[in-house]
Amino acid sequence: MKVKKSKGEKVFSIFNYLILTIIIMLCLYPVWYVAVASISESGLLTQHTGLLFKPLGFSLGAYEKVFQNPMILRGYGNTIFILVVGVFLDIIMTSLGAYFLSRRNVLFMKPIMMMMLFTMFFSGGMIPFYLTLKDLNLTNNLLGLIIPFMISTYNLMILRTSFRSIPESLVEAAQIDGAGHFRILMQVVLPLSKSILAVMVLYYGVGIWNAWFWASTIIRKRELYPLQVILREILMQNDVGAMTAGVSVADQESVGQSIKYATIMVATVPILCVYPFLQKYFTKGAMIGAVKE
Amino acid sequence: MKKNKISERTRVDFRRNKSLYLLVLPVLAFYIIFHYKPMYGAIIAFKDYTPSLGVGGSPWVGLDNFTRFFTGPYFVRLIKNTLLLNVYNLVFGFPAPIILALLLNEIRSKKFKGFAQTVTYLPHFISLIVVTGMITNFAMTNGLFNDIIVFFGGERSPLLQNPNLYRTIYVASSIWQEVGWGSIIYLAALSGVDCQLYEAASIDGAGKWKQLINVTMPAITPTIITMLILKMGSLMSMGYEKTILLYNPATYETADIISSYIYRVGMLDQDWSYSTAIGLFNSVINCILLIVTNMLSKKFSETSLW
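Chains as they are written, first to last, in this note's numbering: chain A, 4 to 296; chain B, 27 to 332.
Any given hint could turn out to be false.
Simulated pairs of lysine to any residue, SDA-like, Cα-Cα distance not exceeding 25 Å [claimed, not checked]:
no. : chain 1 : residue 1 : chain 2 : residue 2
1   : B       : Lys106    : B       : Phe92
2   : A       : Lys137    : B       : Tyr289
3   : B       : Lys257    : A       : Ser126
4   : B       : Lys268    : B       : Gly218
5   : A       : Lys137    : B       : Leu238
By construction, these hints were calculated from the structure, which means they are not laboratory data. These numbers come from a predicted model, not from an experiment.
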């Protein structure tokens, strides 16, 4: 049934499109600005004031400097290592926990779940956590950025909800066929949960990619820094000295500026590239998380 | 007698689900080591901790660390800053995704809606380092924000050095980053509203505004309340990462919040017992906030987390 729009509704509709267009531009513009500034010629960029819609001149010099910086490549390497090993372990541990919590007729399921949920609302705090890592020799060690963060209780609960929705009869049938719990998890439950596992991989992956706080606190050796910590040095602490070597003093500030924009792009483009294709999984995860049982 | 029965049931359960308990063992170990051991470690809040003596061997000092915090020079400032930043974030940040979801819900063109969603979700995935890096850059005297201020007739100044602007910058950039992502949940709730309700309302002569008040809002109120409870529960813990990245000694007077202070005295000054005491105080307040909000919402709207 098509309802004819009244005049008021038409006006509203136009305003609505207008407001949303403005919101879209506000969300997109800062990213666009950085992208355009990163390929502009640095001299022109410093002279320019105001909004920027297209590149001023064209130069990939800043990118060249960024890729010549061994620390950035190192950081990339470290982050990828943490990402691959971390996501793998995260998924295994979270699946084990979620499978246990999804079983029926287990006497200690409820208390164990309470024990896990409690950690979402109360924690020992920053220093006791840090001291624990120190006791375990996890500081100054890439494993220290992986093992202590293997399970996010929030993700665990999302996965549990999803495992619970698998028909119990399938699990029972496998049990009758003599399959143990580990086999049931690997061969029945996980294959039926592919899309939610994709969500988990993305959540953990983005989390690891963007993490910086504990890396900046527990890692002292510079060669172990993940990408975000290197980024922080370049963006916040203005540590572009190494990359502007050989540039005349007068140009150093403007070249430094371009380098910053190029660095932002180098660190963000991987996520910007995969994101549109994976958007539906991200959204799915956000919705499952909000539905309570 | 009853005790025997319980131990008997436990034994039967363990025998039957042995492999299941074995499966969950690594997960339990993880929680004990990385969550419950630090909780035990938090007793250093009541001690004068020195690493050489260990947690157990350090001498007890009772509530000294807490008294030091409550009577210290920064207590009032920290509480005020934490509360104000959170209140601003709640007042401006909480309704923003709801409004965005309502606007998006009215769009008929699927293509436009999809594009708008993709673009507004995007900032959520940009790392905090990059976001604060951009803010720092834009806020510099020759940066983009100042260019815009000059265009509207203002004067150039280093914006991040100005304590009066700090909260605005913090809250506005948080909204920028999270408004789209936050709207997903409300959009899902909105898509569950039965179309017939709208048709019936419009036949009864209800205009857009009346439909919003009488059909749409009641449908998403439970979602709003759940999200509000979750937000209240994390009121005191939010934001130290962003604060650490954005503040500087020039803006401490408005920017320094409890969690960033915990970081500064703990990690930078290595005043471990004192920092832990403040952390514990913060955690307890957090728990109380969560319980109170949940109770209130149970009473007034029958929606609660547990």
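Here is how each hint holds up against the structure:
{"no.": "1", "hint": "Lys106(B) <-> Phe92(B)", "in the structure": "holds, 18 Å"}
{"no.": "2", "hint": "Lys137(A) <-> Tyr289(B)", "in the structure": "holds, 16 Å"}
{"no.": "3", "hint": "Lys257(B) <-> Ser126(A)", "in the structure": "holds, 17 Å"}
{"no.": "4", "hint": "Lys268(B) <-> Gly218(B)", "in the structure": "violated, 35 Å"}
{"no.": "5", "hint": "Lys137(A) <-> Leu238(B)", "in the structure": "violated, 55 Å"}
In terms of the numbered hints stated before, the structure departs from hints 4, 5, listed from lowest to highest.
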